[in-house]
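Protein chains: 4
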Amino acid sequence: MDLIIRGGTIVTATDTYAADIGIVDGKVAQIGGDFAAGDAHVIDAEGKLVLPGAIDVHTHLDAPSQGAHTVDDFLSGTIAAACGGTTTVIDFCTQVRGQTLLEALELWHGKARDKAVVDYGFHMIVVDFSATTYDELAQLPGLGVTSFKLFMAYKGQSMVNDDVLIAVLDQARRHGALVLVHAENGEATEFLRQRLVQEGKTEPKFHASSRPPRVEAEATARAIALAEIVGAPIYIVHVSCGEALEEVTRGRARGVDVLAETCSQYLYLTEDVLDQPAFEGAKYVFTPPPRQAHQPPLLWDALAAHELQVVSSDHSPFNFVGGKDRGRDDFTQIPNGGPGIEERPVLVFQGVHDGRLSLNRFVDLVATAPAKIFGLYPSKGTIAIGSDADLAIWDPDIEWTLGASQLHHRVDYTMYEGTQVRGAPQTVLRRGEVIVRDREFVGQPGTGQFLPRKPYRADAVL
Amino acid sequence: MDLIIRGGTIVTATDTYAADIGIVDGKVAQIGGDFAAGDAHVIDAEGKLVLPGAIDVHTHLDAPSQGAHTVDDFLSGTIAAACGGTTTVIDFCTQVRGQTLLEALELWHGKARDKAVVDYGFHMIVVDFSATTYDELAQLPGLGVTSFKLFMAYKGQSMVNDDVLIAVLDQARRHGALVLVHAENGEATEFLRQRLVQEGKTEPKFHASSRPPRVEAEATARAIALAEIVGAPIYIVHVSCGEALEEVTRGRARGVDVLAETCSQYLYLTEDVLDQPAFEGAKYVFTPPPRQAHQPPLLWDALAAHELQVVSSDHSPFNFVGGKDRGRDDFTQIPNGGPGIEERPVLVFQGVHDGRLSLNRFVDLVATAPAKIFGLYPSKGTIAIGSDADLAIWDPDIEWTLGASQLHHRVDYTMYEGTQVRGAPQTVLRRGEVIVRDREFVGQPGTGQFLPRKPYRADAVL
Amino acid sequence: MDLIIRGGTIVTATDTYAADIGIVDGKVAQIGGDFAAGDAHVIDAEGKLVLPGAIDVHTHLDAPSQGAHTVDDFLSGTIAAACGGTTTVIDFCTQVRGQTLLEALELWHGKARDKAVVDYGFHMIVVDFSATTYDELAQLPGLGVTSFKLFMAYKGQSMVNDDVLIAVLDQARRHGALVLVHAENGEATEFLRQRLVQEGKTEPKFHASSRPPRVEAEATARAIALAEIVGAPIYIVHVSCGEALEEVTRGRARGVDVLAETCSQYLYLTEDVLDQPAFEGAKYVFTPPPRQAHQPPLLWDALAAHELQVVSSDHSPFNFVGGKDRGRDDFTQIPNGGPGIEERPVLVFQGVHDGRLSLNRFVDLVATAPAKIFGLYPSKGTIAIGSDADLAIWDPDIEWTLGASQLHHRVDYTMYEGTQVRGAPQTVLRRGEVIVRDREFVGQPGTGQFLPRKPYRADAVL
Amino acid sequence: MDLIIRGGTIVTATDTYAADIGIVDGKVAQIGGDFAAGDAHVIDAEGKLVLPGAIDVHTHLDAPSQGAHTVDDFLSGTIAAACGGTTTVIDFCTQVRGQTLLEALELWHGKARDKAVVDYGFHMIVVDFSATTYDELAQLPGLGVTSFKLFMAYKGQSMVNDDVLIAVLDQARRHGALVLVHAENGEATEFLRQRLVQEGKTEPKFHASSRPPRVEAEATARAIALAEIVGAPIYIVHVSCGEALEEVTRGRARGVDVLAETCSQYLYLTEDVLDQPAFEGAKYVFTPPPRQAHQPPLLWDALAAHELQVVSSDHSPFNFVGGKDRGRDDFTQIPNGGPGIEERPVLVFQGVHDGRLSLNRFVDLVATAPAKIFGLYPSKGTIAIGSDADLAIWDPDIEWTLGASQLHHRVDYTMYEGTQVRGAPQTVLRRGEVIVRDREFVGQPGTGQFLPRKPYRADAVL
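Residue numbers (the working numbering), protein chains in the order written: chain A, 141 to 602; chain B, 141 to 602; chain C, 141 to 602; chain D, 141 to 602.
The calculated label-pair distances, taken between Cβ atoms and stated as ranges, are:
| no. | chain 1 | residue 1 | chain 2 | residue 2 | range |
| --- | --- | --- | --- | --- | --- |
| 1 | B | His446 | A | Asn301 | 31 to 41 Å |
| 2 | A | Leu247 | B | Asp268 | 33 to 43 Å |
| 3 | A | His315 | B | Glu243 | 42 to 52 Å |
| 4 | B | Asp599 | C | Gln432 | 20 to 30 Å |
| 5 | C | Gln432 | B | Gly558 | 51 to 61 Å |
| 6 | A | Asn301 | D | Asp494 | 35 to 45 Å |
Far from chain B by the CB rule (all over 12 Å, computed), these chain A residues:
| no. | residue |
| --- | --- |
| 7 | Gly166 |
| 8 | His181 |
| 9 | Glu186 |
| 10 | His249 |
| 11 | Asp275 |
| 12 | Arg392 |
| 13 | Gly462 |
| 14 | Gly467 |
Hints in this document: simulated from the structure, not taken from any laboratory. Ideal placement from N, C-alpha and C gives every residue a C-beta, glycine not left out.
Produce the complete structure using the sequences and hints provided.
Put into structure tokens, the structure is as follows:
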């Protein structure tokens, strides 16, 4: 045995029990008690929770976006991830106009290869649907990329029309891939933005007015209807409000295989944050926008009720200085997105302390369900014999305050500055190797591995 | 007094009572009994119902459509209308590509002027949204055209995208016009059509498979959402199924000013008619298609419950021989549409006999509500002092069989051949003039008048 | 011709038009213009609206209730009604324990006979379902009483259990009667009341806490389900909240013949009125209680959308001094109910000024629909040839302030003291006789007539 | 180590992985591979699934019911359970009129003590709510009985009214107990039964007519509403139809802590089985009755979607001969209930083969969720270090035919005679002891233990 985690309480999406874990060759080999330690290194987890490493299925590292570029690369981003207890990310490989999908994929491999410190996979964002795209989509699952992402928003940039959405859903269906959609009606948003700007309403707070819940709900309903017509599964990213959630549950009730995530920011932030003085509201200009105060409890309830399957971060970091301030005179020029790759696990964990989720459901939402949906299970997402020893050893009761200075991302702020939380990952292992000790990164750049993912199978997820 | 209708039972959308009607200058001047007849002409209506002339707000006369042309012009079409008890039509003025709206309007006036035998108004169909269209829309209400129609279906032909739908809704809102939409997702339909054809499924019955209820429901939901975002009222034409109806009621429940019609064919015909031998199914290739057998009762119930406001005909006549047969080898080539301008009133009247509607609700659906919604009330749509004496004197109990040979349209079939019905308009007056006597047209071509319509006002409709 | 109403604008549930009305033998005989006045008395209605006399289908005059007694008898109550523009009431004949239904009916005839100044009918409240009750119910329609009322609330007083509700629904079904239910779960209310009192929560404001919306929605759902199982129509009285309304629309959607009313107080008063100082809140202790501020708009919308059919008053007048104050130390001892017989029409009329209803829908809600549902149409509820000349001539624009001193009921307060309204009936005719002139009663006690009502027929109502 | 299960595939509600299990003192002590066997007994599980022993939370053993008595006692019933793979039952201790709850509990302990071969707990059925009952309920959790059951059906027998339901919910809330309800409106059922009998409709098939879905949905809605008003959690037993399911999800959506089960018979049997010749239909007279064919798929979908939490058996065995035949001339005299304690696990397992559930969800529904909801977790319901070694070793692919002759219950039929299934538990261990080997019982009577259960906690279940 190479390593023993001793004395902790293991938590999976189902179970909570005290036991030691024995690790061999980076995998969980034994669970129980009274192991003969032999030469094995021993980590004391007395009084701690031993959780599966979290999986963040929605990150934008080193990525072009709306004319800007995210400031975390695969090094800083995955270090932040690791320090937050996340040992796998699935990043969005982003096609730009004129590029083939395979070129984009090659580029993304290059971005990650020597930098990533946690394991990683890629979704493919399809922006430019050219003559060859349809065939390229067929090749991607063989290259380990079994999920495609489309934007229904961002007119003139990454938005696609229904014809492309249908074509990609149909091709995904044929090749066992899962289509992810950013569901906001891009035409409606464009109309509202222009009207607001014409009316001189250019402060950050009007970002919310330009993308009301109905804009999201409409596109959500449409995406699900198209998936139903094509006969394909569909995954709705960043559900932010009850209106969109209702469309998810309606679709599922009529038999469509709809999966959906929310993000940590929608569980905590409400639209008033956009109205902070000194342009500070710009920090919270992400899309869909933060919603009214009655919305977050609806999302928490939906997580508990299995109506939503995943919490991701949508980590899209742009600096406040030199990034967000591009839109000082016009909110439509603010790059949309905010950081969250490190904060996500503890923010959801706080829901356990607050009585909103069981500890097991927490694990399910941040680790197990993502692994199953995106073809990484059983290597990732759980603690079981044979699984990768991706483990986060949490002190469940330590109280601390979120702040940019303690976090490890490269962006110059956190959206949760001053927020009190309870619980933190102290030690994090990736395939049996300690990469975070005492809450600081101790690993090596480039040691993360690319994860080719299995095709989507509904029966693995149910 | 010019004319007295004596001894009949007057029916309005609210009331049913025995009284005589005195007419002066083509308008209802007196209601009651014991008029001194004087020189007045007297029509005996003993044992008969005296109803407001019906209004058909959805006709396509002398119109290009999908590369074909409807075979009823304003003469044959309005004669058929009159014989069915309809004294007003609102026809769809149809822009073709490269044409301005005002050119199309001028053209339509020309088509109707010397031919129409009932009064008429126009909706404007916007197909080609060019640089000048937005301003032209602003002029139309001043020209008496207070409703605009858009197609979300028919890709590559009349389909518009959401940007045009939003722009037209916004301009309509500014100028008191009402937007009508044909709500089917044109991209989804195109996908399904192509797939069916590729699979060799080319018979008429696959027309229904190519436009399932979800295709209609999706577009209905989207149109309503866009109206909500813009802050405009919206009118959904030819609702054919419970799925679309659900979207109408959901939209209304959240405060959107949604109005909706169904057509007589959706109350009677079900998808099995498409599967008749000898290509006869082609006669029923209209859009949306006839639905499964559980759907018509949902529509009847919605009419009774005020969830739907209007029954129209969507009269789009193409001959079977030399028209429909264009698609003998490929259902996608069949011109979509069927006749109904004469059959509509009696088909809805039959619902009274069948216990589905009260007599008053019948009047509301075919006459009063159309008049109020489309700015024709109180001249049209009711029997009240000062209203136009557009009257249909019905024998409520005469039993007869629908058949192409008795009907007055120019198209070579009826979709209701052999259907037993009860009740018929015997005498029809338009502005006090008898234009149908003993069920035959006795009027003069070109005596119908153009009706400039008032702007849409929600509070006139509630 | 006996009487001519000249120059007014006639309004029915459908139409609005300028015309004179000629009255003969208390009935509308002629509508139009230029009548030869002859000997006829002429009333000038220039600039006024001529409306059908309103019908109040929910009054408790001279009635025992919860150990108290309502303070308006058939004289004061119907004078107040008339002054408000109401020319027909349907009062609740209330069986008390130990009494047969026929005894109760006889008693009620005696209460009304020499006093009523407007025409009246009776519903029968069944409290004590004894061995003979079932057979008595069968006799009531023959005596002109075609509606039966049951209470699901008021445990130990008028509450009946489901067995009685089922039996009465079944007997009503057999004899063409309509069952009305007061839908609140009496056991749940009793539990909440006792718990509140035990906790020392005895002020009037806790009345609302003791009867939350779910208590009403549950009973509404149950009553509708039982009607569905029995196969009978049902009428839900005083719907006060969206939760109960949802049950009404759900029931209707699955084909149950559900009718429902709200009352004027639910359109205007919200639960904060219960928390007024000096025990003033007791004036608003009626049942169901006033609701939160988001509820009235839901009810207004439901009226416009035809989801609710009727607005009644539930006039249950108890004096504040010597009545309501019985419960000064314990809200459960306050007699439940408030006055509204005179205020109701103008409060709903205000909805027309506020853009919530059309004038026609107003007439429908307070006059026409009540007449049709309760078997009084066409004698009552409309203005048409042959109908009773029950007319209210309204000045639509006069502005005034509601206050107990101007009103005509006997109770010592109004729930709308200080409320600004617009419009008032100036002259009121009952069967062609002026009983209100210049807003004051000028008629004679006992001139109102008992109205035997026709059996309920769904097809007369649709 | 006492015992090793070698080479199997372990399945929990989350995980599926190959590993050996080491058992010490009847508990799972080690999971992994390459254990030194030492003296330990070894069971070869190569090619097999190792599942947690199933838990059946709904059995009626040795119980009086509707004037009859179930024919399985705690010996035959728990042997059948064990042979089906079930290692824990929670039986309904049934108060009879005149008995205190503690007397009933004492009696039930006596029934089980020397007979049960699997571990067991008790729910308490409250039938006779006397003056002392409220206080007795408070004592039960201390005695390990943390769930109370009430019947809303069976008028004149076990039915309670809303007052008792409220009182029990309130007391349960105070003491951490969970209330279970049989939700059918007993008055409506009684009405329908009497009407059917009066009409001479006495064959078994009319059992379904006497208890339509609305009867169940109404009571389900009411029970949930009362739980909401009291502020207590509630568990709905044997949900049989979409109508009731809708009420469960509506209640949950508004924040009520509603849990619900269905039973295996509702997943397989439809109402046509009641119409078999030779009175055979009587075998399927259970309550609620089998439903129409569209219902079972709704229930399967609800299991997959986490809308239903548990599948139980409602094992209520009455012999066909000498039991069911009591009602040969009148279906209302047929004892309601059927056997299923042994069939349940394999019937749900079949859903895995049929693609309706994942293997993990299967385990959740029959073992893990029941344990968590009813206070038995983590001793029961999972395979984890420290849990009882209650294990069922299944051959997942063996095909066989259900038939009374192979099953181990004492009742003279199975409702699934001739049904083909796939998979079976070959070996079953209870606390590490083999009690079933090669599909036959090899244990000793009376070795099952009473399980005092923990109070209900929502946060352990989420």
